[in-house]
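Given chain A, put chain Y in place with the hints provided.
2 protein chains.
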Amino acid sequence: MSKYFNISIIGSGNVAWHLSRALENAGHTIHEVFSRKHSNAKKLTRKLYSATAQGHMDFSKSKAEIFIMAVPDNAIEKIASKIKLPPDAIIVHTSGSIPINMLKGSFSNTGVFYPLQTFSKLSEINFGEVPILIEAKDKKTENRLSQLAKSLSKAVHRVNSEDRKGLHIAAVFACNFTNHMMAISGWLLNKQKLDFNLLKPLIIETINKSLDIGPDNAQTGPALRGDLQTLDHHMDYLKFDKSLQEIYRVISQHIIDHSGS
Amino acid sequence: MSKYFNISIIGSGNVAWHLSRALENAGHTIHEVFSRKHSNAKKLTRKLYSATAQGHMDFSKSKAEIFIMAVPDNAIEKIASKIKLPPDAIIVHTSGSIPINMLKGSFSNTGVFYPLQTFSKLSEINFGEVPILIEAKDKKTENRLSQLAKSLSKAVHRVNSEDRKGLHIAAVFACNFTNHMMAISGWLLNKQKLDFNLLKPLIIETINKSLDIGPDNAQTGPALRGDLQTLDHHMDYLKFDKSLQEIYRVISQHIIDHSGS
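Note that the protein sequences, when read in sequence, are chains A and Y. 1 is the number of the first residue of the first sequence in the working numbering; add one for each residue after it. 1 is the number of the first residue of the second sequence in the working numbering; add one for each residue after it.
In case anyone wonders, no lab produced these hints; they're calculated from the structure. Check each hint, because a few of them may be wrong.
The list cannot tell twin chains apart, which means a pair is met if one copy fits it or any two copies do.
To be verified - Simulated crosslink set (DSS-like; lysine-lysine; CA at most 27 Å straight-line):
hint: 1; residue 1: K137; residue 2: K43
hint: 2; residue 1: K104; residue 2: K242
hint: 3; residue 1: K121; residue 2: K191
hint: 4; residue 1: K139; residue 2: K42
hint: 5; residue 1: K191; residue 2: K165
hint: 6; residue 1: K150; residue 2: K193
Pulled out of the complex, with its shape left as it was, chain A reads as follows (with noise of 0.2 Å):
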């Protein structure tokens, strides 16, 4: 049976939109909004059935159970220093990177609630396939965070600080890096007065094959190969560069060193 929660949000950045609309939508309701530019929380509220924008850190006569924290990772700390909250609420913050003793004062329980994805204000997520990562400091308010997402999502799991960091690790190879191995290839691809699209059923073939059979076994080029003789005329099509000539020798070479591996 679901179990309905009071929330308030303190942020109002894409996580804090996102979520609070997900979270409104799996039943829950949301009191309190607040953000360090007030206008941004209203703008919010309006997205709300019922929330107010509120414009001070002072939640103690709130309604709210739960406080969801979605705010830059380097705030974390300073935002919560100031926080008051009702006596046995539960905050957490939503960060992949800031462990859960960041939330250190006055709070009685304190976790992490970390929805593993990217948001932007244009594109609709489906939170239902959103893996939530949960981590508490006691072994109740890990059991009502669990129940709250459970309620968004069906991939919840729970991953200690720790982890989480080697999670944001492995994201960071997966997502930022790949993006920036993109980029790199549509700035020489300009170079050649060729187009990015050209590119792109290949590379649409490339992450789905990837996500198929795993990247292990996805691999290919001439790196893979062995083909020295390719790999030498990129590093000399390259010499333009030395920061691209320096980033297609240390991966070329690590995939080689780890070529049937």
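Frame of chain A, contents of chain Y only:
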């Protein structure tokens, strides 16, 4: 109006399989298939309407007018040197990284017919969406290759050998290197006893966003934010593997140096 060509295929790998069947579906006739391993040529002909597996490279009596070499890059020169063609026939290779001049010898009409896609036996490819890059030594050959390519795909481009080399390097970054970033990500998750599947929704959303708004606009993460503290933590986490540290360092530095560019 469509012109249907008489074609023979040299090679029996993934490109040969997908290409010969797409050519038949577009109305062309495949006459002979040659493979260094005769049994592979036979296997492919069984999937085609009326092609014969030929055990030698003397095609001087063939009815084909276009000969398509779909063989590994490093075999192109050697195989080409042994092929005998009928007068006026066209010979092309299908490689992204080999210049047209590799087709030396007694051929009068040479070209390149490069389908910019990754092929595997298991997954069907919609050839209509695959960019085909053509190049030819003379205008008449180019026109015929263009006709042939347009019968298969909406995306036909004339690209010379030098530009094709740049494109190939761009593809190494956008495909081989992105795949390797995902491989590393999977190893890091394994180390933490976490499942690569956890990251799939995030990877899919990241790639979609990157292809949608362009990788330059889609970047996120600690390097882009100039979050040196997180970068330090990540470098520290990766100290068990110097080569991963180096990859993390050079790519992060490159993101920092090119953010906002």
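So, going through the hints one by one against the coordinates:
| no. | hint | result |
| --- | --- | --- |
| 1 | K137 to K43 | neither (33 Å within a copy, 62 Å between copies) |
| 2 | K104 to K242 | neither (45 Å within a copy, 34 Å between copies) |
| 3 | K121 to K191 | neither (32 Å within a copy, 34 Å between copies) |
| 4 | K139 to K42 | neither (35 Å within a copy, 65 Å between copies) |
| 5 | K191 to K165 | between (37 Å within a copy, 12 Å between copies) |
| 6 | K150 to K193 | between (49 Å within a copy, 22 Å between copies) |
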